[in-house]
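Chemist: Heads up: the protein sequence lines correspond to chains A and B, in order. The numbering of the first sequence is the numbering used here, which starts it at 23 and goes up by one. The numbering of the second sequence is the numbering used here, which starts it at 23 and goes up by one.
Heads up, a few of these hints could be off.
You can't tell identical chains apart in this list, so a pair holds if it fits in one copy or across any two.
Derived pair list, reagent style DMTMM-like, types lysine to aspartate or glutamate, alpha-carbon separation capped at 20 Å [claimed, not checked]:
1) LYS221 / GLU331
2) LYS59 / ASP279
3) LYS91 / ASP176
4) LYS221 / GLU98
5) LYS221 / ASP252
6) LYS59 / ASP347
7) LYS91 / GLU241
8) LYS99 / ASP305
The set of hints was computed from the structure by calculation and includes no laboratory data.
Protein chains: 2
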Amino acid sequence: MAIDNAARFDADLLRQRVDERLAEAGASAESRQAAVKAMLHASLVGVDSHGVRLVAHYCRMLGGGRLNKNPQLTVEKRGAGSATVHGDDGLGHYAAYKAVEVGMELAREAGVGAVGVKHSSHLGAAGAYALAGAEEGFVTFATTNTDSVVALFDGAQKFHGTNPLAFAAPVPGQRPWLLDMATSSIPLNRVMLHRSLDKALPEGVAATSAGEPTTDPHEAEMLLPLGGVDYGYKGAALAGVATLFSALLNGTTLDADFLPMYGGDDISTPRNMGHFVLVIDPDKFAGRALFGAAMAQYLASLRGSAVREGGTVMAPGDREWAEMDARRARGIPVDPDTVRFLGL
Amino acid sequence: MAIDNAARFDADLLRQRVDERLAEAGASAESRQAAVKAMLHASLVGVDSHGVRLVAHYCRMLGGGRLNKNPQLTVEKRGAGSATVHGDDGLGHYAAYKAVEVGMELAREAGVGAVGVKHSSHLGAAGAYALAGAEEGFVTFATTNTDSVVALFDGAQKFHGTNPLAFAAPVPGQRPWLLDMATSSIPLNRVMLHRSLDKALPEGVAATSAGEPTTDPHEAEMLLPLGGVDYGYKGAALAGVATLFSALLNGTTLDADFLPMYGGDDISTPRNMGHFVLVIDPDKFAGRALFGAAMAQYLASLRGSAVREGGTVMAPGDREWAEMDARRARGIPVDPDTVRFLGL
């Protein structure tokens, strides 16, 4: 969610200040580099909830001991196309980018790389990792499970996290096709925003503590899965897919069992978060040239298709790339707390 | 969608009659075996639109030449974890089950098998193939693209198919976790049903020819993607994921470019449909035992979670397995046209 009416800052300045704060908190150069890259990605494409505003939180967790300041990543290769990255309880961005690297290395030979990540932590926006693979020419999928906040279909308790599914694919001469979607309709901070504005929520996106759908942001206690009141079983199942690949396959923490990311007393125990990355080499399928031509044809057809009155048809990523261009030109909006934390 | 008030028949009798009709139409033993298995799967779990009612259609296409009666499948292995199955324009079920077999063979060694399918045709319910992998102990994903019938978000033309995403995973001592979802909210035949009953559609599932959302089934010209009027960009992007893996990666036909499955004049030209199957061996990740225990714990937690008044919480597949039990006991409902075609 974008922050309106906030002070704006140059990406390079933010990159430098975020890196300085993480360095002061003791994070190693390698883990800082990854975290800064992922946070700036999110801040540039407009996902401010996962952008630079998280730096204060990460610094606090580095200080508390939940996050290992100097993680030593290990990679266990179990087959020609599969591996597990042990994140050593450091910043999740470091382990997740490593998983993409390992996945690409596997995919170059095996055609596909499936990489689990365990003993990791919050990775920011999952799209950053799908994008990292696509920028090197690979079709890439990245997912993670997260703290429980979304009800099951017909459920009356927080069960899954907003569990993102992120996909990206290279497009010749264009920025990648990029999908980074939560499996809930809205993020939790949208509820907070509506609460502070005393503004009704859309239908079918949030529920009371009894699981009853509500548009009253003050009554909303949990999110509803994508698909809403009628088709939310699909969104709930997709959240389950994220949990299956990220947690069940890696033997890491289930959504409901996480120590809370925010607000808990314990900031010294690692959360053992899992992620999953899948990397596919188009050269082992139709071939990079044919695949690229097909992507370009598909996107031209999509962008040129008929639009309903007042609407706009966009490919996944188009909105994000436009936002990135706008923010590169006008600066990245930063909330006042983070402005203070960064000494801007 | 289930057929109510229809005559019911024993699964074994249907299996035999469907096989006989396909044999009369000239389909080879291998392709018949696959098609019958997939059709019975769909009919048993309640997905009647993809079940035995399709036999007359397949027979017509075998007669017309669109479908090759005696396809010779070829498998091109391009890496330790990747392969492409050439379906030789036969019944899609045959090529798709073959892709799962190849995927499992690859996954046993490489940890993962990513298998593209080209020169295939309609494969019925994608869940049949995810299930085939899960029944052998593998986490399996299957997808296909299909004929355009779903608008883009804010679009005013049919763009993607109802493009299914199917996932399945083994659970020790239980039937698999099984998700087989269209990336639209409803299937097209739901619109037909509401039209025949003159009954309003739910909100946000269908649109007029101008792309305007409508609940009038007589005005509805296309489906809307999962997520509806507010969040349909997510469903549209997920449909794109199916197209990306199935068509773009394999160099096969795009959704809008298919010769129509039904109703076209040309029933002699193959449609070159693509599919994609991903198979993962849990033994190359947390290990089969740990993964199984985690699945069981996750599902127990899910099934035991708090429910909203009047609701029921189910895991993906629970509804389908209950339907299978009911249909095994009471028979499979079959529409009158198919009853006649099968000579029942």
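Chemist: None of the hints should be skipped; say for each whether it holds.
Modeler: Verification of the hints:
In this assembly of identical chains, LYS221 and GLU331 lie within 20 Å of each other by CA distance neither inside one copy nor across copies; the values are 27 Å within and 27 Å between. Proximity of LYS59 and ASP279 under a CA criterion of 20 Å is satisfied in neither setting, with 29 Å inside one chain copy and 40 Å between copies. Taking identical chains as interchangeable, the C-alpha atoms of LYS91 and ASP176 are never at most 20 Å apart, the minima being 42 Å within one chain and 46 Å between chains. Proximity of LYS221 and GLU98 under a CA criterion of 20 Å is satisfied in neither setting, with 50 Å inside one chain copy and 57 Å between copies.
When the C-alpha separation of LYS221 and ASP252 is checked against a cutoff of 20 Å, the pair qualifies only between copies, where the shortest distance is 17 Å, while the shortest distance within a copy is 23 Å. Taking the shortest alpha-carbon separations for LYS59 and ASP347, only the intra-copy value of 17 Å comes in at or below 20 Å, while the best inter-copy value is 52 Å. When the C-alpha separation of LYS91 and GLU241 is checked against a cutoff of 20 Å, the pair qualifies neither within a copy, at 39 Å, nor between copies, at 61 Å. Within a single copy, LYS99 and ASP305 get their C-alpha atoms only as close as 22 Å, which misses the 20 Å cut-off; across copies the closest is 12 Å, which meets it.
Hint violations for this structure: numbers 1, 2, 3, 4 and 7, all remaining hints satisfied.
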